[in-house]
Amino acid sequence: MRAGAGGGRKRPDPRKQLYRRRRITVGILAIVVAAVLVLGIVLMVKAVQGIREDVSAPAPEPTTTEAAAPGPEASEGSGACPPDSVRVAASTDEDEYEDGEEPELTIEVTNGHDADCIIDVGEAHQEFVIERDGDTVWSSRYCAATGEDDEAATNPLVFPAQSSKKASLTWPRIPVDDECRQTDESFPAGEYALVVKLGETESEPARFSLVEEAGDGASEPAGDEGSAGEDTADDDSAGEDTADDDSAGEDAADGDSGDG
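The opening residue of the sequence shown carries number 117 in our numbering; numbering runs sequentially from there.
Simulated from the structure, these hints should not be mistaken for lab results.
Check each hint, because a few of them may be wrong.
Said to hold, decoys possible - Now the in silico label distances, taken between C-beta atoms and shown as ranges: (1) E316 with S279: 48 to 56 Å; (2) G195 with V327: 43 to 51 Å; (3) L273 with E329: 18 to 26 Å; (4) G195 with A163: 37 to 45 Å; (5) E320 with A277: 22 to 30 Å; (6) I290 with G250: 15 to 23 Å; (7) K282 with E217: 17 to 25 Å; (8) P272 with D230: 13 to 21 Å.
By construction, the Cβ of each residue, glycine as well, lies at the ideal position given by its N, Cα and C atoms.
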């Protein structure tokens with residue numbers, strides 16, 4: 117009978133089941149994609165934060181406590197020498213000078229620093245000073261032809277560590293004032309001192325003397341004249357002896373005449 121057959125369970129529709137399965141699969145894929153996107157965003161945020169931290173972080177401090185002394189690169193120095201490491205010394209080529217002799221004055225510049233550095237030894241920075249009894253009687257600045265724009269005004273040189281360089285000039289011994297005008301004064305015999313300067317650095321005085329020409333040569337002719345006088349006296353004595361001999365000869369002649 118149809119009624120008995122209709123009372124059993126209905127079989128599920130295969131198309132509906134396939135549709136449900138597809139929906140579940142799509143949902144799972146959507147969840148997975150969302151999770152991947154979220155994870156990617158989180159990783160990107162962390163990477164950006166890490167870059168920012170690296171950029172803003174201070175540079176690491178050197179592990180050594182002592183800084184290395186600067187050195188020169190090719191012909192360039194590391195910079196100007198510290199003022200307290202620059203030393204100057206004065207000297208002359210002789211201790212005494214007679215009239216007409218021109219002293220040679222020397223400045224010696226020393227870099228006392230433990231690294232190579234630059235010292236400007238231009239003529240605008242150098243000065244040679246002659247003193248007598250503590251007063252300045254001559255200075256190389258009096259007749260300096262070097263202006264601030266002159267090429268010789270500045271002369272920066274690289275001085276190796278603990279090294280020295282020298283420069284010299286001749287003192288003409290011509291009295292001039294501070295405007296290089298010759299004066300009627302003179303440099304009499306006596307003791308003088310040379311002081312050299314480089315910028316604000318000044319040397320200890322180097323002492324020398326100006327002496328008059330020796331007068332021994334004038335006394336010798338006097339002695340010769342005396343000797344000549346003595347020789348003349350001797351000649352006179354010889355003349356007197358000759359005269360005596362002549363007198364004796366005349367007496368002898370007179371005696372011979374008497375005998376005859």
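Now for the hints, and whether the structure bears them out:
1. Between E316 and S279 the Cβ separation comes to about 21 Å, which falls outside the hinted range of 48 to 56 Å.
2. A beta carbon spacing of about 47 Å between G195 and V327 agrees with the range 43 to 51 Å that was offered as a hint.
3. Judged by the Cβ atoms, the range 18 to 26 Å given for L273 and E329 is violated: they are separated by roughly 41 Å.
4. A beta carbon spacing of about 43 Å between G195 and A163 agrees with the range 37 to 45 Å that was offered as a hint.
5. The beta-carbon spacing between E320 and A277, approximately 23 Å, falls within the hinted interval of 22 to 30 Å.
6. The given range of 15 to 23 Å is respected by I290 and G250, whose C-beta atoms sit roughly 22 Å from each other.
7. A hinted range of 17 to 25 Å holds for the C-beta pair K282 and E217, which are about 21 Å apart.
8. For the hinted restraint 13 to 21 Å between P272 and D230, the CB-CB distance of approximately 20 Å keeps it satisfied.
When each numbered hint is compared with the structure, violations occur for hints 1 and 3.
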